[in-house]
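*Asks:* So you can see what is in the structure, the chains are spelled out below.
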Amino acid sequence: MTELQPTTQPHPAEGRRSQIFQQLRLEKVTRSFGGTIALSGLDLTIQSGEFIALLGPSGCGKSTALNCVAGLLPLTDGSIWLDQQRIDLMPPERRGFGMVFQNYALFPHLTVRRNVGFGLVMRRMSKKEVRRRVDAALDLVQLKAFGDQLPGRLSGGQQQRVAIARAIVVEPSVILMDEPLSNLDAKLRLEMRTEIKRIHRDLQRTTIYVTHDQDEALSLADRIVVLNEGRTLQIGSPEELYTRPANLQVARFMGYRNILELDLERVEQQRVFLAGPDFRLEGIACAELAGRRAFAAIRPDDFLVTINEAGSRPTGARNSILGQAEIVEYCGRDYLVDIATSSGLLLHARTQRRVEPGARVHLEVPEERVLAFSAA
Amino acid sequence: MGFFVLNVLALIAAVVVDSFATTWLGTWLPAGFTGRWYGSAWTEFQLDNVLMVTVEVVFAVVAISLLLGIPAAYAMARRTFRFKRVVLLLFVLPLLVPPMTYGIPLATVLYSLHLAGTINGVILANLVPAVPFVILVMTPYIEQIDPKLEAAARVFGAGTFRLFLHVLVPLLAPGILAAGLLVLVRTIGMFELTFLTAGPDSQTLVVALYYTVFAAGVRSAQSIDAMAVIYMVATLIWLLIALRFVNPTQLVTRVRQ
Amino acid sequence: MSTSSRPAIKLPDRTLLLLVPGIVIVLTLFLYPFLFGFILSFLSHQGPNLGNYTKFFSTPFLSETIWTTLWISLPATLINIGFALPVAFVTRRHRFQRALTAILVIPITLGTVLIAEGLLTYLGPQGWLNRLLLMLHISTSPVHLTHNYWGVFLSLVVSGFPFAYLLLLSYLTGIDPALPQAAATLGASPWRRFIHIYLPLLIPGLAIAFCLSFVQAFSVFPSAVLLGAPAGPTRVISIAAYQAAFEDYDYPMASAIAMVMAGVQLLVVALALTSRNLFYRGPTTGGKG
Numbered sequence: 000m001t002e003l004q005p006t007t008q009p010h011p012a013e014g015r016r017s018q019i020f021q022q023l024r025l026e027k028v029t030r031s032f033g034g035t036i037a038l039s040g041l042d043l044t045i046q047s048g049e050f051i052a053l054l055g056p057s058g059c060g061k062s063t064a065l066n067c068v069a070g071l072l073p074l075t076d077g078s079i080w081l082d083q084q085r086i087d088l089m090p091p092e093r094r095g096f097g098m099v100f101q102n103y104a105l106f107p108h109l110t111v112r113r114n115v116g117f118g119l120v121m122r123r124m125s126k127k128e129v130r131r132r133v134d135a136a137l138d139l140v141q142l143k144a145f146g147d148q149l150p151g152r153l154s155g156g157q158q159q160r161v162a163i164a165r166a167i168v169v170e171p172s173v174i175l176m177d178e179p180l181s182n183l184d185a186k187l188r189l190e191m192r193t194e195i196k197r198i199h200r201d202l203q204r205t206t207i208y209v210t211h212d213q214d215e216a217l218s219l220a221d222r223i224v225v226l227n228e229g230r231t232l233q234i235g236s237p238e239e240l241y242t243r244p245a246n247l248q249v250a251r252f253m254g255y256r257n258i259l260e261l262d263l264e265r266v267e268q269q270r271v272f273l274a275g276p277d278f279r280l281e282g283i284a285c286a287e288l289a290g291r292r293a294f295a296a297i298r299p300d301d302f303l304v305t306i307n308e309a310g311s312r313p314t315g316a317r318n319s320i321l322g323q324a325e326i327v328e329y330c331g332r333d334y335l336v337d338i339a340t341s342s343g344l345l346l347h348a349r350t351q352r353r354v355e356p357g358a359r360v361h362l363e364v365p366e367e368r369v370l371a372f373s374a375a
Numbered sequence: 000m001g002f003f004v005l006n007v008l009a010l011i012a013a014v015v016v017d018s019f020a021t022t023w024l025g026t027w028l029p030a031g032f033t034g035r036w037y038g039s040a041w042t043e044f045q046l047d048n049v050l051m052v053t054v055e056v057v058f059a060v061v062a063i064s065l066l067l068g069i070p071a072a073y074a075m076a077r078r079t080f081r082f083k084r085v086v087l088l089l090f091v092l093p094l095l096v097p098p099m100t101y102g103i104p105l106a107t108v109l110y111s112l113h114l115a116g117t118i119n120g121v122i123l124a125n126l127v128p129a130v131p132f133v134i135l136v137m138t139p140y141i142e143q144i145d146p147k148l149e150a151a152a153r154v155f156g157a158g159t160f161r162l163f164l165h166v167l168v169p170l171l172a173p174g175i176l177a178a179g180l181l182v183l184v185r186t187i188g189m190f191e192l193t194f195l196t197a198g199p200d201s202q203t204l205v206v207a208l209y210y211t212v213f214a215a216g217v218r219s220a221q222s223i224d225a226m227a228v229i230y231m232v233a234t235l236i237w238l239l240i241a242l243r244f245v246n247p248t249q250l251v252t253r254v255r256q
Numbered sequence: 000m001s002t003s004s005r006p007a008i009k010l011p012d013r014t015l016l017l018l019v020p021g022i023v024i025v026l027t028l029f030l031y032p033f034l035f036g037f038i039l040s041f042l043s044h045q046g047p048n049l050g051n052y053t054k055f056f057s058t059p060f061l062s063e064t065i066w067t068t069l070w071i072s073l074p075a076t077l078i079n080i081g082f083a084l085p086v087a088f089v090t091r092r093h094r095f096q097r098a099l100t101a102i103l104v105i106p107i108t109l110g111t112v113l114i115a116e117g118l119l120t121y122l123g124p125q126g127w128l129n130r131l132l133l134m135l136h137i138s139t140s141p142v143h144l145t146h147n148y149w150g151v152f153l154s155l156v157v158s159g160f161p162f163a164y165l166l167l168l169s170y171l172t173g174i175d176p177a178l179p180q181a182a183a184t185l186g187a188s189p190w191r192r193f194i195h196i197y198l199p200l201l202i203p204g205l206a207i208a209f210c211l212s213f214v215q216a217f218s219v220f221p222s223a224v225l226l227g228a229p230a231g232p233t234r235v236i237s238i239a240a241y242q243a244a245f246e247d248y249d250y251p252m253a254s255a256i257a258m259v260m261a262g263v264q265l266l267v268v269a270l271a272l273t274s275r276n277l278f279y280r281g282p283t284t285g286g287k288g
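Residue numbers (numbering that gives the first Met the number 0), protein chains in the order written: chain A, 0 to 375; chain B, 0 to 256; chain C, 0 to 288.
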């Protein structure tokens, strides 16, 4: 166990670059495949020990970025730096990173122990040292009993742990993970998420984690890079992304399901006043607003839903909307309600209290939870 | 590698150049070029008859092996049953055992049935590797077709025959084309089985070529090479067509452990 | 149980009937002749006995064909596999791989008869190869490469190398590319990736490629007749079998030779496959799909 705690001294047998660095820097990293650009000008500076998530839909360039850092794909343009050392021209075996592959890529002909020890053997460590470190790593992922089995006989979750152990046992300066949880079922995914979080807390290794699942990114990462069609949409902490998405695309990705195109009444510094057909909203400008229209983005759980028994008329008050519940989905902890306003606009809201389909409801939303983006 | 390819190309070029040579003795290139060897080869070796036999044999083998092989491949792809491994072995063996080994006993049997020396005998002998080959090529094609499509067709009222005709055959068309072309190319080039079972009137092009090369002293080298070029053209045209639809590695049987 | 309810009888699956024509073909045209030949091989003029086999093994003219054939086919097979492995490895991701395989498939498609005729022209004393050797002063007199051992050997390389290459290429491309990549991120150099990942995963494919290549080389016939010296150094076992059947019309003897041929092949294949079992065999992908 102790061997896997962060060490200040590189192992003498390593004889390679020191583990310790200040910054991993990606400068305008670009990769195209026969004319189509998969990743365009990614700029990112990662501090030692940080957990970075690359988030985006499939085909957004996040795996391309990871493979570029790993050295498995040459860059078309740009460079990658480890402090003052340029590493993007270095072959993968000399970078000293650890990688967890999407399908685990465990060597089918080697036992679990020899899979985990592979990187140590490549570093020409003594047999005794290899055994000690492999034992420690298997302990960490709770797989001591399976050391002599071939990986083909393990379950998905166990294979996943072997893949993680194999990556961390070499004490890499950077750990790269390519959608490591995507092949697991929902329950196991949550368990392994906690496991990865725990290992990162214990070892404090710089980690770059690729995923298409915003929950994974939000729960694991110190900072998230949102990518789409090869372009960087936003880089920020989970809180920043959640509360202040930089644009509509990120907002959609962060679960802002209500995107409403409304009339722009006026802007007062950060405050924005918008008008719909039968309600008026006050919100926060998240971008330079101009013209006569703007988009408002609201998360379903930011609505406060109350039953409007009296059937009162719209008051014209800001951030107060009347409507009728159309579809009610029970989600266990709460209800997801589709609400139609009198003008026919459809809104999505979450509420703890049961709402009957057809019920008249009243929606309220705090003005700091209404984000306005330009219509252009 | 380049050396190997170069030598193969040179080998082919040598045959082609010689077939057009007037005389070619002790020089890099022949003294002159002429097309007359093709004419003399054609009449000398009765190529019209040989080509007719070749076409008959090849197309009969392709048609029969597809007709018998595709249904069998369907059963192999869709069903698991006892002794499936035995059946699979039965289909793999004729492709692994070289034709020279089983060709002699097969020829003996065909002689005792008075089939050897006839076109039918040649066709039968060539079916031995062709049918299993179609089965092995087609099985993965059928496996990758979603069984739900068949279920859907049945739900909407298609019987087995119409299921094959309207659902499977259109979906399998690329695979059938590939298997057919591969069998065709392999059958044109199949020397041993045809050689062991053919009589004077049922020789295919390869066997006729073998006999002329064997009796080389009697004929001029150029007319032998002219015949070799005719054979090459007949084979390579189909190979070129086949390569448009199949991966070259498919011509070689791959066995899984 | 009520009398009206019929017991659930398991009906035979009618789909399996589709197998019948295929199985009949293989049984009657492959297995039956083999068994027929096997029984026939024990029949000599005096009734059932081992006469044909004793005659084969006691007549050097016949029994030596086994060694002659092995002496040609084993080196040729080893050379073919030995060269095909590195070439397949280097070209497995090559841009021109498809073009290359298309060219290499030509000798396989043309078949041994045409290769023999081509080599006769190309390698002969007047052929281009000897002209080149003389011109470059590599040799002072034409090298004899036809009508002897080397002619047959070279024909086996020309037809066997592409075969081995295509086979190994298809096994190589079946290895999950993530495995060598994973090894690379763990610090394995290209050479050690080959030794620790590719080679162990390729052993089953190599064994099968060896068996198939050998079995083909062992049954060499047309080129041994046309390119070799069929009366002497290249009198391979196929020639002996052919002569027994079609020149002496001694079918029992021909069948016996064919059985010996099959037996030797089986022996070598069994040896190769047993040695394969000492190594890893299983899937060549690294995890759940």
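A few of these clues could be false.
Calculated cross-link-like contacts (lysine to any residue; reagent style SDA-like; alpha-carbon spacing at most 25 Å) [stated by the list, open to error]:
1. K83/B <-> P199/C
2. K127/A <-> R192/C
3. K83/B <-> I141/B
4. K186/A <-> K27/A
5. K126/A <-> P199/C
6. K83/B <-> R192/C
7. K147/B <-> V142/C
8. K126/A <-> I22/C
9. K126/A <-> R192/C
10. K143/A <-> Y279/C
11. K83/B <-> V268/C
12. K27/A <-> V120/A
13. K126/A <-> V268/C
Quick look at which bits of chain C chain A covers, simulated, 3 or more residues with Cβ under 8 Å [stated by the list, open to error]:
14. 165-175
15. 260-268
These are calculated hints, taken from the structure and not from any lab test.
Ideal Cβ positions, reconstructed from N, Cα and C, are used throughout, including at glycine.
*Asks:* All hints are to be evaluated individually against the structure, with a verdict given for each.
*Replies:* Hint check:
1. Note on K83/B and P199/C: the hinted pairing is violated, with a Cα-Cα distance of about 29 Å set against a maximum of 25 Å.
2. About 23 Å separates the Cα atoms of K127/A and R192/C, which keeps this hinted pair within 25 Å; it holds.
3. Our distance criterion of 25 Å between C-alpha atoms is met by K83/B and I141/B, whose separation comes to about 17 Å.
4. A distance of roughly 38 Å separates the Cα atoms of K186/A and K27/A; the hinted pair therefore is violated under the 25 Å criterion.
5. Distance restraint check for K126/A and P199/C: the Cα-Cα separation of roughly 21 Å lies within the 25 Å cut-off, and the hinted pair is therefore satisfied.
6. Between K83/B and R192/C the CA atoms are separated by roughly 37 Å; this puts the pair beyond 25 Å, and the hint is violated.
7. A hinted pair counts as satisfied when its Cα atoms are at most 25 Å apart, and K147/B with V142/C does not qualify at roughly 65 Å.
8. Distance check on the hinted pair: K126/A and I22/C sit about 55 Å apart at the alpha-carbon level, beyond 25 Å; violated.
9. About 20 Å separates the Cα atoms of K126/A and R192/C, which keeps this hinted pair within 25 Å; it holds.
10. The hinted pair formed by K143/A and Y279/C meets the criterion: a straight-line CA distance of about 23 Å does not exceed 25 Å.
11. With a C-alpha separation of about 23 Å, the suggested pairing of K83/B with V268/C holds against the 25 Å cut-off.
12. Restraint check: the Cα-Cα separation between K27/A and V120/A comes to about 35 Å, which exceeds 25 Å; the hinted pair is violated.
13. Our distance criterion of 25 Å between C-alpha atoms is broken by K126/A and V268/C, whose separation comes to about 38 Å.
14. Residue count for the region 165-175 of chain C with a Cβ under 8 Å from a Cβ of chain A: 1. That is fewer than the three needed, and the coverage hint is violated.
15. For the region 260-268 of chain C, the proposed coverage by chain A is not satisfied: 0 residues have a C-beta within less than 8 Å of a C-beta in that chain, short of the threshold of three.
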